[in-house]
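Trainee: Protein chains in written order, with our numbering: chain A, 3 to 428; chain B, 3 to 428.
Keep in mind that the hints were calculated from the coordinates and are not lab data.
Heads up, some of the hints might be wrong.
No copy is singled out in the list; a pair is fine if it fits within one copy or between any two copies.
Pairs of lysine-lysine residues, derived as DSSO-like cross-links and limited to a Cα-Cα distance of at most 27 angstroms, are as follows [said to hold, decoys possible]: (1) Lys218 with Lys71; (2) Lys229 with Lys218; (3) Lys252 with Lys122; (4) Lys229 with Lys71; (5) Lys321 with Lys218; (6) Lys229 with Lys63.
Now for the letters of each chain:
There are 2 protein chains.
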Amino acid sequence: MNNAENHIADVTEYMQAVGERARAASRLINRASTAQKNAALLAIADSLNIRRDQLIVANQKDLDAGRGKNLDAALMDRLELTPQRIDAMIEGLRQVAGLEDPVGAVTDLTYRPSGIQVGKMRVPLGVIGIIYESRPNVTCEAASLCLKAGNAAILRGGSEALLSNQAIAACVREGLAAAGLDVNVIQVIDRPDRDAVGQLITMPEFVDVIVPRGGKGLIERVSADAKVPVIKHLDGNCHVYVDDRADLEKAVTVVVNAKTQRYGTCCTMESLLIARSVAEQAIPRIAAEFARHQVEMRGCEAVRAIIPEASAACDEDWKEEYLAPIVSIKVVEGLEEAIAHINSHGSQHTDSIITEDFNRAQRFLREVDSSSVMINASTRFADGFEYGLGAEIGISTDKLHARGPVGLEGLTSQKFIVIGDGHIRQ
Amino acid sequence: MNNAENHIADVTEYMQAVGERARAASRLINRASTAQKNAALLAIADSLNIRRDQLIVANQKDLDAGRGKNLDAALMDRLELTPQRIDAMIEGLRQVAGLEDPVGAVTDLTYRPSGIQVGKMRVPLGVIGIIYESRPNVTCEAASLCLKAGNAAILRGGSEALLSNQAIAACVREGLAAAGLDVNVIQVIDRPDRDAVGQLITMPEFVDVIVPRGGKGLIERVSADAKVPVIKHLDGNCHVYVDDRADLEKAVTVVVNAKTQRYGTCCTMESLLIARSVAEQAIPRIAAEFARHQVEMRGCEAVRAIIPEASAACDEDWKEEYLAPIVSIKVVEGLEEAIAHINSHGSQHTDSIITEDFNRAQRFLREVDSSSVMINASTRFADGFEYGLGAEIGISTDKLHARGPVGLEGLTSQKFIVIGDGHIRQ
């Protein structure tokens with residue numbers, strides 16, 4: 003074997019060992035009581051609280067190394083563990099401890115004509131692999147949600163946050179041990195090389211699902227190579243459609259909020275559609291608000307005829323997730339064209355209609371094929387906390403399993419249970 | 003380009019066109035009313051009924067070709083369309099018409115503190131690709147379930163059933179047209195070559211999920227190469243564990259039924275576990291029944307000490323799906339070992355405990371990580387009809403999305419719906 007082959011064999015062996023420990027731990031955490039899981043979550047919070055100094059020191063080393071490598075400012079910001087961010091991790095753990103335990107819930111248990119009872123029981127998924135980038139607090143969030151849902155987790159953070167993640171991992175292990183749980187329930191990979199990721203996503207015998215959290219590049223790479231199911235979150239090219247039966251006051255309020263409340267989130271509106279018959283009335287009012295917020299406007303010809311200050315939108319603009327103070331604006335004939343445009347140009351994330359017409363609202367709700375479809379509400383509501391899930395591991399733009407914000411329930415599955423009294427099949 | 007490249011380019015173009023038509027048709031069937039979908043199902047049944055002669059003639063040609071190729075007897079049997087099998091297809095369509103339409107059901111709609119209402123709406127998956135082998139009646143079953151759940155489908159049957167499938171496809175199109183629906187809702191691929199399958203499973207832009215139905219070889223091939231999520235059904239290595247607190251009458255009845263009611267199904271018991279303290283009492287009685295049914299027994303040493311007529315089981319026997327009158331029998335210390343054995347050697351399909359002890363039953367139910375877990379009931383009950391799903395497209399041994407028998411609901415997803423009245427995010 004040459005060096006490269008040696009290296010791969012070494013990483014493979016390491017990751018297989020991690021996988022085996024995770025599978026074994028998942029059998030134990032599967033049957034842990036709610037009280038025991040909550041005790042572990044609170045103990046992890048206490049450990050983080052006690053070890054703040056160690057966290058800051060480890061993080062400082064990562065930040066110094068990052069400065070040495072000239073990491074960009076946004077990345078450096080995400081990498082930093084401030085006292086406030088440590089507070090937020092601790093608070094997050096306590097909140098997850100307070101959430102209802104989804105595991106073991108039995109539903110739909112009914113008698114069948116054969117005499118057996120058939121129902122469903124909610125169960126953990128098993129082992130969850132999470133791949134993320136620079137934010138070290140994801141280590142804590144992901145660990146807490148996986149643990150509460152009765153899963154073992156293998157966490158693989160960004161190489162630039164290695165020491166910070168190891169410091170958090172030590173607190174997680176301390177908390178698990180304090181609650182009498184197997185410390186291998188949460189394993190944080192301490193190998194910075196990419197081959198570890200390659201292994202993690204191709205061990206279906208040890209890993210039941212992969213959740214990549216990060217930029218589009220990471221998610222596309224993971225999805226392309228994975229041999230394990232992936233819960234993925236790609237683009238958020240979200241639309242608001244202002245119908246000709248919209249209340250214009252609501253339309254202006256919602257559209258401006260959907261675009262400007264925060265620019266960098268996946269549920270920020272990127273594209274605005276307006277029905278032709280209200281375009282002349284609505285567009286100048288909305289444009290004035292956008293101008294006030296310094297949002298760059300890119301419009302179709304009909305839009306530019308009304309507000310010449312908008313630049314010309316090109317084909318790519320209708321598919322773009324700007325994550326910036328830019329918006330594309332298009333005049334459409336009405337509901338039919340709006341739905342068709344969203345289904346063909348959108349990213350199946352979150353889309354909203356502004357209308358007072360009941361039937362149009364109903365049609366939009368049914369026919370727009372997105373993970374969240376809204377009536378008279380800002381797309382910015384598409385969020386696990388706003389939806390009452392308590393916390394979220396991410397937002398899925400997939401259709402299978404989990405769609406939209408993924409909370410504890412999305413980290414579980416349901417199995418069938420059958421109860422008889424010596425019943426046999428005829 | 004050489005000939006092989008030309009061929010691939012040609013298949014690619016053909017399958018892309020099929021995919022585009024399916025995606026467009028899925029947008030239409032998504033919003034078809036229940037009445038319209040049911041009308042189509044009944045019209046397809048009528049068309050099959052009227053065109054019986056054409057179906058038989060087409061099938062006869064497939065059978066002749068199969069004989070020429072020396073296909074084995076089991077495959078020839080599955081390939082044949084008898085009048086009874088045509089009756090069963092027609093009856094199946096009428097039953098699916100009678101099932102409740104899952105599409106559009108809104109659940110859990112509640113007000114959030116922000117004032118918005120959040121709920122979930124059940125929606126079709128979109129486009130479903132189904133890959134199957136020799137049984138032409140699968141064409142009809144798969145078409146009916148996909149249609150009722152509001153999906154478009156691309157069906158790719160075995161090359162040996164090509165003419166039979168085309169004859170059924172003609173009836174399906176006739177029925178769709180009679181109900182005023184797009185005939186492209188159900189497309190049956192008329193290219194027998196394998197490259198069409200390769201294309202079908204790698205077009206995520208046109209296909210939302212693949213359901214392979216057939217032998218393990220087919221399913222492994224499809225899963226390995228797919229770039230689209232797969233709902234798959236691998237082995238059924240099902241266990242019955244006879245606990246030391248079992249009622250022996252029930253144990254004998256259930257065990258014999260689980261093994262002998264049908265040998266070739268995925269929910270047939272393949273491995274029997276018996277608690278040591280009841281082994282001497284239970285095994286001879288069960289063995290006598292197995293001998294009467296001419297079931298070959300392969301046991302561990304403890305079993306062979308009790309019934310010397312059993313041959314020695316080797317390691318592979320504990321993992322084997324026999325699909326034949328063979329059973330492996332093992333003595334275990336008790337519940338703990340039984341659960342560990344099932345979780346490590348089983349295939350997460352269906353496993354049952356025979357016990358009168360409440361807490362042991364509860365532990366088995368929770369800790370056995372299989373798609374169906376049973377108490378005092380025969381594993382043979384693991385079936386969509388027995389569970390009340392009305393019909394099934396297959397049984398999933400996956401954990402994500404659908405687990406166990408997959409009915410209409412498994413062919414749908416849920417999206418979030420949000421209703422506001424001009425609400426914005428603070």
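Trainee: For each hint, tell me whether it holds in the structure or not.
Mentor: Hint check results:
{"no.": "1", "hint": "Lys218 with Lys71", "verdict": "within (23 angstroms within a copy, 50 angstroms between copies)"}
{"no.": "2", "hint": "Lys229 with Lys218", "verdict": "both (19 angstroms within a copy, 17 angstroms between copies)"}
{"no.": "3", "hint": "Lys252 with Lys122", "verdict": "between (43 angstroms within a copy, 24 angstroms between copies)"}
{"no.": "4", "hint": "Lys229 with Lys71", "verdict": "neither (33 angstroms within a copy, 36 angstroms between copies)"}
{"no.": "5", "hint": "Lys321 with Lys218", "verdict": "within (14 angstroms within a copy, 40 angstroms between copies)"}
{"no.": "6", "hint": "Lys229 with Lys63", "verdict": "neither (35 angstroms within a copy, 40 angstroms between copies)"}
When held up to the earlier numbered hints, the structure conflicts with 4, 6 and fits the remainder.
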